[in-house]
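Asker: Heads up: the sequence lines are chains L and W, in that order. Note that the working numbering has the first sequence beginning at 1, numbered continuously upward. Note that the working numbering has the second sequence beginning at 1001, numbered continuously upward.
These are calculated hints, taken from the structure and not from any lab test. A portion of the hints provided could be inaccurate.
Stated by the list, open to error - Derived pair list, reagent style DSS-like, types lysine-lysine, alpha-carbon separation capped at 25 Å:
| id | chain 1 | residue 1 | chain 2 | residue 2 |
| --- | --- | --- | --- | --- |
| 1 | W | Lys1424 | W | Lys1414 |
| 2 | L | Lys65 | W | Lys1115 |
| 3 | L | Lys70 | W | Lys1524 |
| 4 | L | Lys46 | L | Lys6 |
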Amino acid sequence: MKSRHKRIALIVAGIALLAIAVTLLLQSFQSNLVFFFSPTEVTQGKSPSKGNFRVGGLVVAGSVKREGTKVAFQITDTANSMDVVFTGILPDLFKEGKGVVAQGAQGADDVFVADQVLAKHDENYMPPEAAEALEKAKEYNGNNVAEGEAE
Amino acid sequence: MIPDIGHYALMIALLVASLQAILPLAGLSGNNEKLFAFATPMARLQSVLIIIAFIILDYSFYVNDFSVMYVANTSNSNLPLIFRLAAVWGGHEGSILFWVAILAIWTLAVTFFAKELPLRFRSTLIAVMGLITAGFLLFILMTSNPFERLDIIPFDGRDLNPLLQDPGMVFHPPLLYMGYVGFSVAFAFAIAALLDGRLDVTWARWTRPWTTAAWVFLTLGIALGSRWAYYELGWGGWWFWDAVENASFMPWLIGTALIHSLAVTEKRDAFKSWTVLLSICAFSLSLLGTFIVRSGVLTSVHAFAIDPSRGLFILVFLALVIGGALLLFALRAPSIGLGEKFDLLSRETLLLSNNVVLFTATGAVLLGTLYPLVIDAMGLGKISVGPPYFDVVFVAIMVPGVFLMGIGPIARWKKATVPELTDKLKWASVVSIVSALLVPSVMGKFTPMIFVGLLMAFWVMSSVWVSVSTRLKAIPTGTLRQKFKSFGPAFNGMLLAHFGLAVFIVGVTMVKGYEQESDIIIKKGEIKLINGYAFRFEGIKPIRGANYVAKQGQFYVSKDGKPVTLLTPEKRLYLAQRVVMTEASISINPVRDIYVSLGEELEGDQKGMWSVRVYFKPFVQWIWMGCLLMGLGGILTIVDKRYRLKKKTSKATA
């Protein structure tokens, strides 16, 4: 009998440990989820004011300004654009007029402070996030501007 | 003309592979022994056809046959020969053909080395491999024909993605694929066992070297990919928890669990159902990896094309294979049985805990990898899971696992005792705690994570030493070499692999704990002092490569007035695709890497100044050195003669 009690105690302890592990796992998972927003959503204030999120779209032509290792540029989804600053070396395929995805947080004066700018690896390849932002903007434009503009 | 032969070869191969699958399975259900005889010849014929098709495709690359669309899209006449030959797996169609070609190689190997197995079991096993081959061939012929021709032949090809023009491209994909596809043998073995309703110790012994071989390939493939990313991407990172990396890492984790579980099945006739389930999981995750990587759902260098029909095909294929296998498992597992019993404290229990740890770790990685894909597929938005999740969760799960890893090889099978274990391991624990405190004090920075990492590494190392010294003492006579020889390669291989993991942990801990990164602006003739090293920038030199032009920075690095090295990072412009690539320059040594990556030249009044990124990566080479040791350990266990079954004496050693 005694060994059976022991075994039950062990199983209960095991389940308790597992439950704690799973809770911690899910908590860490929850706190590390990074959501994506388009420039339009950001200008509408839908993005969080605290914490990390991702934005994507096209780099506005002529908006890239460098100062030392600091770079400022604008991202647009064709409906709205937003200011982004980044410190560091940009990926090779970062170009004006091309798709880009940036990860970071909202800073002061409505400037998005990116700590990561994601490269696309192929000239013809559009990051899915950026593509979606443009897609969404199309709908947005369609709803706000007269039809016939859509194509 | 020649490419068409390749196309026809694939069509015939599909027919033959179907027969290879259907005939023996019909024989199994109808108990018709005659049909089993078809398995081997069909398998060989089909494999040869596929390999011929693959060689033809590679030949088209060799002769720059741009009438083949795939060649025109992924190669260029200016591409160096070695990259042209490797470009065959540089795109979607070719890499799937390559996948099947590797499967053909494994199938051929099975037909030649499985002779000891009973005809019935061997035929079923080959039939299952035929099913997988047929599925993939159907996929190629329906959605991804690499031999598709162009009506208007382009003057030159579009070139291989410059990121892939690297020696890594020659070795990384083949090794990785050998690993992925190698698990198909263990999978076929598991399915055959389920269909047959039996799982013998001898069969477990037969499958061990095969599984270990796949695992070795995967280990080396992942390590090589990581090293490639480290120097090619220019960011100094070696692991990004990118979905594609995770896709290769999950089969590795389950494969690691599998080789341990197989050891128990073979030696103690225990964990039988579990071993079968792990075999199914390992290959399922390989297939899932192929899906994730090749379906284009990801923002990644590995994702080639976005074509929904391909994704759908793989998804359906995946559902059929995994669903079917698991259903079969649910129905038939009871007939295989659980196997021998064991005590609560025993090597079996420790290995079981190892399996639980690896399984949980896989689950955590799977959650982080698939969740964003599922959310996206359901149209609920785009999210990503940050690397901190993986870092925290993975380390938290693996630390207890590594701790148990130090005890496992010391514990006895069936029943171990606490006094014996503490007696054997007391010095190991003292040594590892002291060393884990000593190293940070030498390095001048202490954090709990550094301590834990080093503790685990030294714990495993000292445990390996305890295993060795215990065995050495047991043999009173002979030279050291003779003694080691008498342990047997399998035992030495296990210890080497464990030691390799410890080396790997040292590398990870030191890099994570002590790496330094700085972005600088520098102009010609200027000297910057970083981390005790002086960097003198001697300007930019123009360079011309085979298919690119480059600006090459000249950095003279010295320490305390003594020259250390010249680093020459490049900014390359690949001419065919007009793509700019950063080529980092790294000074390698066992205790530290100096890594320099060229940014861009500043504009306006700051012209002539360059932004440059400099990294110091202490012990980073240990990461890949550890993986190499793990791989070598695996190879040692494969060559152990114990696993070569002899037809008559197979029972004798059981």
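Asker: Does the alpha-carbon distance linking Lys70(L) and Lys1524(W) stay inside the 25 Å limit?
Answerer: holds (20 Å)
Asker: Within 25 Å, alpha carbon to alpha carbon, are Lys1424(W) and Lys1414(W)?
Answerer: With a Cα-Cα distance of about 18 Å, the restraint between Lys1424(W) and Lys1414(W) holds, given a limit of 25 Å.
Asker: Below or equal to 25 Å on CA atoms is what counts here, so check Lys46(L) against Lys6(L).
Answerer: With a Cα-Cα distance of about 55 Å, the restraint between Lys46(L) and Lys6(L) is violated, given a limit of 25 Å.
Asker: Does Lys65(L) pair with Lys1115(W) here, judged by a C-alpha cut-off of 25 Å?
Answerer: Outside the cut-off at roughly 69 Å; violated.
The structure fails to meet hints 2, 4 from the earlier list, while all remaining hints are met.
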